[in-house]
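With these hints in hand, go ahead and build the complete structure from the sequences.
Here the protein sequences line up with chains U and P, keeping their order. The numbers in the first sequence follow the working numbering, run straight up by one, and end at 905. The numbers in the second sequence follow the working numbering, run straight up by one, and end at 366.
Hint data in this document are derived by calculation from the structure and do not stem from the laboratory. Quick caveat, the model's predicted, so the values are computed rather than measured. Take these hints with a grain of salt, some might be off.
What the hints assert, rightly or not - Over the 12 Å line for every Cβ pair with chain P, so calculated as not near, a few chain U residues:
1) Thr641
2) Met719
3) Pro756
As the list claims (entries may be wrong) - Simulated pairs of lysine to any residue, SDA-like, Cα-Cα distance not exceeding 25 Å:
4) P:Lys143 - U:Leu749
5) P:Lys143 - U:Glu745
6) P:Lys143 - U:Pro718
7) U:Lys653 - P:Arg226
8) U:Lys653 - P:Ala228
9) P:Lys230 - U:Pro742
10) U:Lys653 - P:Ser211
11) U:Lys653 - P:Ala194
12) P:Lys143 - U:Arg731
13) U:Lys724 - U:Ala664
14) P:Lys143 - U:Val662
15) U:Lys653 - P:Val249
16) P:Lys230 - P:Asp295
17) P:Lys359 - P:Phe318
18) U:Lys617 - U:Pro718
19) P:Lys143 - U:Lys617
20) U:Lys653 - P:Ser219
21) U:Lys724 - P:Pro216
22) P:Lys143 - U:Leu750
23) U:Lys653 - P:Gln203
24) U:Lys653 - P:Pro227
25) P:Lys359 - P:Gly313
26) U:Lys723 - P:Ser219
27) P:Lys143 - U:Arg685
28) U:Lys653 - U:Thr721
29) U:Lys723 - P:Gln243
30) P:Lys143 - U:Glu630
31) U:Lys653 - P:Pro216
Glycine is no exception: its CB is placed at the ideal position from the N, C-alpha and C atoms.
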Amino acid sequence: MTDVATKVAGIRFPWRAVAVLPLLFLSDQVLGKEIPSVGQPPGDFYNAQGNRISVKWELDRTAVPENEELAATLVVSGVTNPQDVIRPDLRKLPAFESRFVIADVGAASPAAETKVLRFTYLLRPRNQTVDCVPTLAFHYYNPAAAYNPVTAGRQFPMTTAKKVPIVVTRPRREADGLAIPLGEPAWLLAYQPRPVSLAQPAIPGPWLVLALIALFGPVAAAAWLLVWRRVYPDCGRLARIRRSRAARRANEQLRHARGSSDPPAFLASAMLGYLRARFPLSPNSATPNEIGSSLTELGLSPVEVEEVVDFFLAVDAQRFFLGGEGSDSLATEAGTLISRLEST
Amino acid sequence: MTVGLGIFGAMLLAFPHNGWSDPQADSQSDPADISRLTELVRDSSLAELQSRAMREFESGSWFRSDASKARPHFRAAAWLYDELWRRGLRDPALALNRAHSRRLAGDLPAAIVALNEGLAAARWDRPLQIALEDARSAVAYPTHSDLATLCRPAPKATIGTRMSPIEGQLIAGVVWLAACCFITRFVMTRGAGWLGFAGLCLAALAVLGACWMHDELTRDDDESRSLVVVIHDAQFRRGNAETFPLRLDGQSRLPQGVEARALTRRGEWVQIRLASGVIGWVPEKAILKTNN
Chain U
562 MTDVATKVAG IRFPWRAVAV LPLLFLSDQV LGKEIPSVGQ PPGDFYNAQG
612 NRISVKWELD RTAVPENEEL AATLVVSGVT NPQDVIRPDL RKLPAFESRF
662 VIADVGAASP AAETKVLRFT YLLRPRNQTV DCVPTLAFHY YNPAAAYNPV
712 TAGRQFPMTT AKKVPIVVTR PRREADGLAI PLGEPAWLLA YQPRPVSLAQ
762 PAIPGPWLVL ALIALFGPVA AAAWLLVWRR VYPDCGRLAR IRRSRAARRA
812 NEQLRHARGS SDPPAFLASA MLGYLRARFP LSPNSATPNE IGSSLTELGL
862 SPVEVEEVVD FFLAVDAQRF FLGGEGSDSL ATEAGTLISR LEST
Chain P
75 MTVGLGIFGA MLLAFPHNGW SDPQADSQSD PADISRLTEL VRDSSLAELQ
125 SRAMREFESG SWFRSDASKA RPHFRAAAWL YDELWRRGLR DPALALNRAH
175 SRRLAGDLPA AIVALNEGLA AARWDRPLQI ALEDARSAVA YPTHSDLATL
225 CRPAPKATIG TRMSPIEGQL IAGVVWLAAC CFITRFVMTR GAGWLGFAGL
275 CLAALAVLGA CWMHDELTRD DDESRSLVVV IHDAQFRRGN AETFPLRLDG
325 QSRLPQGVEA RALTRRGEWV QIRLASGVIG WVPEKAILKT NN
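This is the structure we're talking about:
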């Protein structure tokens with residue numbers, strides 16, 4: 562390094578290193594180690610790389626009887642990355658798939674230094690109208706093209722393996738003196754007959770099954786409900802109480818009575834709201850006696866009317882004489898009263 | 075020596091001495107001789123028929139390297155499986171055995187017919203569906219025309235081809251039971267959420283029922299016409315005579331294995347509708363009808 566370094570203001574500057582730096586950045590693509598993803602053709606590109614690649618078909622024969630196979634070898638020459646090249650899948654190419662039943666012939670991975678790749682396929686013509694092994698388009702990456710101003714933009718050129726005419730003759734028969742193997746697919750030849758159930762199962766008609774299904778759901782649900790009621794006898798009554806929206810709302814208010822500034826008044830308001838929602842109580846009924854007479858007119862039993870009146874009197878006593886003491890017991894009494902009225 | 079013993083062992087395994095003859099000896103007479111088979115199966119039970127059919131199939135497989143010897147055995151197996159089918163067995167496995175026997179006997183159209191008959195009895199059976207698609211792909215359409223597009227039926231993916239009626243009824247039963255339980259729970263607790271769950275279940279049940287109903291209606295519409303399969307290449311004409319022009323301009327004959335629906339019959343001609351909806355006439359002797 563020191564032999565080419567120049568002294569500038571007493572400092573040795575590494576000019577050679579500076580000159581090599583751009584090459585380090587370019588080396589991967591110039592030397593062909595990496596294929597850029599930008600500009601790759603959407604199809605017919607098999608990762609082949611080289612400056613001048615050519616492809617061609619080689620066939621073991623050009624006349625093949627129907628139901629027999631010919632070996633077609635795709636020869637790819639001039640490849641610089643033989644181990645990266647993907648074997649073209651002819652089964653995905655309609656031109657081949659429509660003409661042939663295709664079987665791959667396994668091959669060992671190529672040596673790193675080889676320049677010629679060979680991919681062999683066994684092609685069985687589908688019928689006698691097949692007249693050629695069709696043209697195969699083959700794009701490859703030319704690393705030199707990208708850095709040549711004349712060829713820039715053509716770094717993925719295309720070459721083709723030209724189509725090869727073939728003749729498909731009639732199938733060989735026994736008269737030809739040869740034993741012809743069955744030409745069916747391998748999976749079909751390997752098929753083992755499945756045992757057949759000889760007993761005809763008695764399958765009920767669909768309407769009977771549907772009727773059974775339709776009945777089973779409600780019957781099971783009803784059975785569950787009966788068991789539940791037997792196990793939790795009070796739950797039914799509670800559920801009925803909850804059924805009344807007015808009762809549910811009143812119970813909700815009773816639970817919040819303790820937190821209010823005037824619990825007895827709050828309880829009285831909740832109870833009165835319940836009675837007005839549950840029964841068509843007159844809006845003018847506000848005092849205990851008025852409420853009692855309204856309920857009596859509505860046909861409520863005297864015992865229940867008396868209990869309601871007693872409740873409102875107790876509330877008034879709490880509010881005006883006891884100063885709000887004992888509102889908890891009033892709330893419990895209100896809850897019990899609502900339950901009793903709901904159960905009537 | 076070792077190889078010889080191995081082959082002998084394989085033969086013993088493949089053909090145990092369970093009362094039936096050596097396939098080599100069987101090959102001396104034509105196993106597919108119909109009169110002989112008819113005589114053989116006249117008083118045979120279903121089990122005997124099946125056993126005989128399996129033996130013929132195995133004999134055919136044994137001779138797979140020589141088609142001229144293998145195919146008669148497969149034809150015999152197909153005939154025996156057909157006899158089981160004629161006697162009323164409607165098992166998907168039997169339909170598959172029939173179809174594969176016929177295909178290995180070299181009769182692709184008959185295999186397609188057998189698969190369609192099997193699917194008419196068990197349209198949800200996946201192996202039958204796969205086998206039919208494979209058989210359709212083996213039909214030799216010309217490479218230089220779009221006849222395959224016009225003739226090849228598209229595989230159907232409906233609820234009826236995905237699950238059997240028993241599976242559908244089971245799912246419906248579970249969903250219905252869940253809906254009933256959710257409603258019961260609502261009665262117990264009065265929680266509106268349970269009603270929501272019940273509503274979801276009923277909606278699912280309605281969707282399931284609608285899918286089944288739609289499937290049945292479209293199936294009835296499709297299958298109101300009997301299915302026919304072209305058994306040898308036939309000209310597809312505009313009318314019921316050789317003098318009428320070809321229906322598909324520039325197209326070659328309909329290859330064997332093409333499926334179509336028979337619309338009407340006049341003289342010795344049948345009017346058919348291809349999968350693409352194209353309607354034309356073919357000679358009656360060129361088609362094979364399914365017995366659905």
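Structure-based check of each hint:
Separation of U:Thr641 from chain P is adequate, the least Cβ-Cβ distance of about 36 Å exceeding the 12 Å criterion. Consistency note on U:Met719: stated as away from chain P, and its beta-carbon is indeed over 12 Å from all of that chain's, at 24 Å minimum. The beta carbon of U:Pro756 is not kept farther than 12 Å from every beta carbon of chain P, the shortest such distance being approximately 7 Å. Simply put, P:Lys143 and U:Leu749 have alpha-carbon atoms about 17 Å apart, close enough for the 25 Å limit, and the pair holds.
Among the hinted pairs, P:Lys143 with U:Glu745 is consistent with the structure: their alpha-carbon atoms are about 15 Å apart, no more than 25 Å. Between P:Lys143 and U:Pro718 the CA atoms are separated by roughly 53 Å; this puts the pair beyond 25 Å, and the hint is violated. At most 25 Å may separate the alpha-carbon atoms for a hinted pair to count; U:Lys653 and P:Arg226 meet this at roughly 19 Å. Of the pairs offered as hints, the one joining U:Lys653 and P:Ala228 holds, with about 20 Å between alpha carbons and a cut-off of 25 Å not exceeded.
For the given pair, P:Lys230 sits about 34 Å from U:Pro742 by alpha-carbon distance, which is inconsistent with the 25 Å threshold. A distance of roughly 15 Å separates the Cα atoms of U:Lys653 and P:Ser211; the hinted pair therefore holds under the 25 Å criterion. For the hint linking U:Lys653 to P:Ala194, the alpha-carbon distance of about 32 Å lies beyond 25 Å, and the restraint is violated. Note on P:Lys143 and U:Arg731: the hinted pairing holds, with a Cα-Cα distance of about 19 Å set against a maximum of 25 Å.
With a C-alpha separation of about 19 Å, the suggested pairing of U:Lys724 with U:Ala664 holds against the 25 Å cut-off. A C-alpha spacing of about 24 Å is found between P:Lys143 and U:Val662, which places the hinted pair at or below 25 Å, so the restraint holds. Under the criterion of a C-alpha separation no larger than 25 Å, the hint pairing U:Lys653 with P:Val249 is inconsistent with the structure, at around 44 Å. A hinted pair counts as satisfied when its Cα atoms are at most 25 Å apart, and P:Lys230 with P:Asp295 qualifies at roughly 14 Å.
Among the hinted pairs, P:Lys359 with P:Phe318 is consistent with the structure: their alpha-carbon atoms are about 18 Å apart, no more than 25 Å. The hinted pair formed by U:Lys617 and U:Pro718 meets the criterion: a straight-line CA distance of about 16 Å does not exceed 25 Å. Proximity of P:Lys143 to U:Lys617 is assessed by CA-CA distance (about 40 Å); at most 25 Å being required, the pair is judged violated. For the hint linking U:Lys653 to P:Ser219, the alpha-carbon distance of about 19 Å falls within 25 Å, and the restraint holds.
Taking the CA atoms of U:Lys724 and P:Pro216, the gap is about 18 Å. The hint holds against a cut of 25 Å. Between the alpha carbons of P:Lys143 and U:Leu750 the distance comes to roughly 14 Å, so the proposed pair stays at or under 25 Å and holds. Pair hint U:Lys653 plus P:Gln203 holds up; C-alpha atoms about 23 Å apart against a cutoff of 25 Å. For the hint linking U:Lys653 to P:Pro227, the alpha-carbon distance of about 21 Å falls within 25 Å, and the restraint holds.
Of the pairs offered as hints, the one joining P:Lys359 and P:Gly313 holds, with about 16 Å between alpha carbons and a cut-off of 25 Å not exceeded. Among the hinted pairs, U:Lys723 with P:Ser219 is consistent with the structure: their alpha-carbon atoms are about 22 Å apart, no more than 25 Å. A threshold of 25 Å between alpha carbons decides the hint, and for P:Lys143 with U:Arg685 the separation of about 22 Å falls inside it, so the pair holds. Between U:Lys653 and U:Thr721, the direct Cα distance comes to roughly 17 Å. Compliance with the 25 Å bound is thereby established for this hinted pair.
Our distance criterion of 25 Å between C-alpha atoms is broken by U:Lys723 and P:Gln243, whose separation comes to about 59 Å. With a C-alpha separation of about 21 Å, the suggested pairing of P:Lys143 with U:Glu630 holds against the 25 Å cut-off. This hinted pair checks out: U:Lys653 and P:Pro216 have alpha carbons roughly 19 Å apart, not beyond 25 Å.
When held up to the earlier numbered hints, the structure conflicts with 3, 6, 9, 11, 15, 19, 29 and fits the remainder.
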